[in-house]
Structure formats: C-alpha cells, structure tokens
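A.B. asks: Whenever a hint applies, use it, and build me the whole structure from the sequences.
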Amino acid sequence: MGKPKRTREVGASYSALVTDLSHPIILERDGQPLAVLVSIEEYERYQTLLEEQQRMLSLEARRVADHAVFGDLVGCALSSGDAVWVPTPEPHWRVPYRSFDGRLLAVVEVDAHTHTVSLTDEERAALLERIERLTALNDVAA
Amino acid sequence: MALAQLGIVVTQTQLAQTLGTRIGVGTPFSRVERLAQWDVRVRVTRASIDDLATLLAADIAAIAAVTTTPGLPGWGNIRTQHAVLVVKVDAEQITYHDPSLAYGPVSALCDEFLLAWGEMDEQAAFVSRR
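Line by line, the protein sequences give chains A and B. Just so you know, we're using this note's numbering here: the first sequence kicks off at 1 and counts up by one. Just so you know, we're using this note's numbering here: the second sequence kicks off at 1001 and counts up by one.
FYI, nobody ran anything at the bench for these hints, they're computed from the structure. We treat Cβ as the ideally placed atom computed from N, Cα and C, and that holds for glycine. Certain hints may be false.
[Unchecked claim] Now the in silico label distances, taken between C-beta atoms and shown as ranges: (1) A/Asp20 with B/Ser1048: 46 to 54 Å; (2) B/Ser1100 with A/Val107: 22 to 30 Å; (3) B/Arg1034 with A/Glu41: 56 to 64 Å; (4) A/Gly102 with B/Thr1011: 30 to 38 Å.
C.D. replies: Structure representation (structure tokens):
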C-alpha cells in the first residue's frame, strides 16, 4: 500500500477523490482522520489478510485448549473441533470436545487476548471421567 | 508394539497396568518410561525425522506422539493426541503401526506426518534392549 494522501475536503466531489486510488486517501474532519478510502483491490486484499489471521488465531486457540484438556495424554477418546469465534461480551474462542461418535461433551473457552482457558482441574477431571465411562459403556455394548 | 518389536512378550493387561492406562482417557506419554521394567532402555526426547531413521536402522524402537489430522490414515476429522510406532522412514513416506487401527502398518507422507508430530513438539520415545 502506497503512502496515503490526506484531504480536509470531505465535501470534495466523490469523483475527484476516487480518480486515483493507487494510494489510500485519508479523509479528515476538523483536522482529525475520519476514514480511509482505498481501492477495491486493496480492500479485498485486506479482507483476505484478516480472514487468514482469524484462521491462524483459531488454530492457536484450539492448540491452547487441547493443551489444557489433554496435557500429555495420548490415546484419549476425545476429539477437539474447530474453534468458534465469539466477539462479545469479551472476545473469546469456544472449542468443542466430542466423543469419537460425535457426542458433544464439553465446550472450552479461550480468552482471545490472554489465552486463558476456562477449564478448572475439577472440570477436566470430570470430563475425563465422563469419556472413560462412555468408552467403557461402548466397549460393553460392542 | 514397541516391546514386541524387541521380542519381548507382554499382555495388553500388563501393559495397561504398568502405564496406568485408563480406558477412553489414555496414558500420559511420559509414562512410556515405565517400560524400563521389562529390562529395556527408554529415552523420551524431542527428535527429528533423521533421528527416527538413524535409530530404526540401529534396531531401536521408535514411538512418536502425534496429534491426529486428516492426513493420517484412518482418522478423518477426529483430532486427538495419539502415539504410533514408527517402523520405516524413507524419502517421501513414513510407515508406522497405529494401535487404534485394526490393520497395519500404514504410511503417511513425511510432510503430513511432520504436521501431526509437530503438534506434539516432535516428542518421541526410543526403546532398546539393555
């Protein structure tokens, strides 16, 4: 993106403003930046970057949640799902944990800023006991 | 599987008792060190593909901790932490036994295996006879 131009003439004609969008145009009001005008190509590139960043943050949230749920366990019959973005009231991710047959057993929240995981030791122990019971039941049924 | 590869016969029940395995919950990977009670040397460490190839060539069993991905045969979209016994490494593929699969061994592209292994910080356990 090139060096932005500035204009204090927010009231300037639209067509005059958009003739050259090779650089972003910063619109000002009373000397304060108000908005930025960019080309559609630049806007789409920005949107793509935002989506990619969101995808990377989602993967990281899932890793953080997995670390809290699994620790260094291997062979656990829980599967983590894609993290879901929740912007309000405090931005966070929700990571679902399911049994291998798809039953939802827990949703772990990860703070978007601090990566704090909403899973106490007691809740983790209860989740592991639940998957242990379910697996034992399935083994008996099989 | 690693013990069997070294010619040591142990039942699944004995193994589960020794490792403290809970059905459905699994086993902390670090507990693989308890296999030492069967007179084997166990080393849990971060490793590389080259390490796997070198140690396999020296008849050392290699267990890798992985996070399952769609790139590992048999797992689809299930994402969980798992352990597999690596049996062969070549330029493009890694062949391993997966205790969760009724068939085997299976192969995955090295890049796919690295993705799954990398999620577990390339942790491996190397098991050899004393």
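A.B. asks: Does each hint fit the structure? Answer for all of them.
C.D. replies: Structure-based check of each hint:
no.	hint	result
1	A/Asp20 with B/Ser1048: 46 to 54 Å	holds (53 Å)
2	B/Ser1100 with A/Val107: 22 to 30 Å	holds (25 Å)
3	B/Arg1034 with A/Glu41: 56 to 64 Å	holds (60 Å)
4	A/Gly102 with B/Thr1011: 30 to 38 Å	holds (32 Å)
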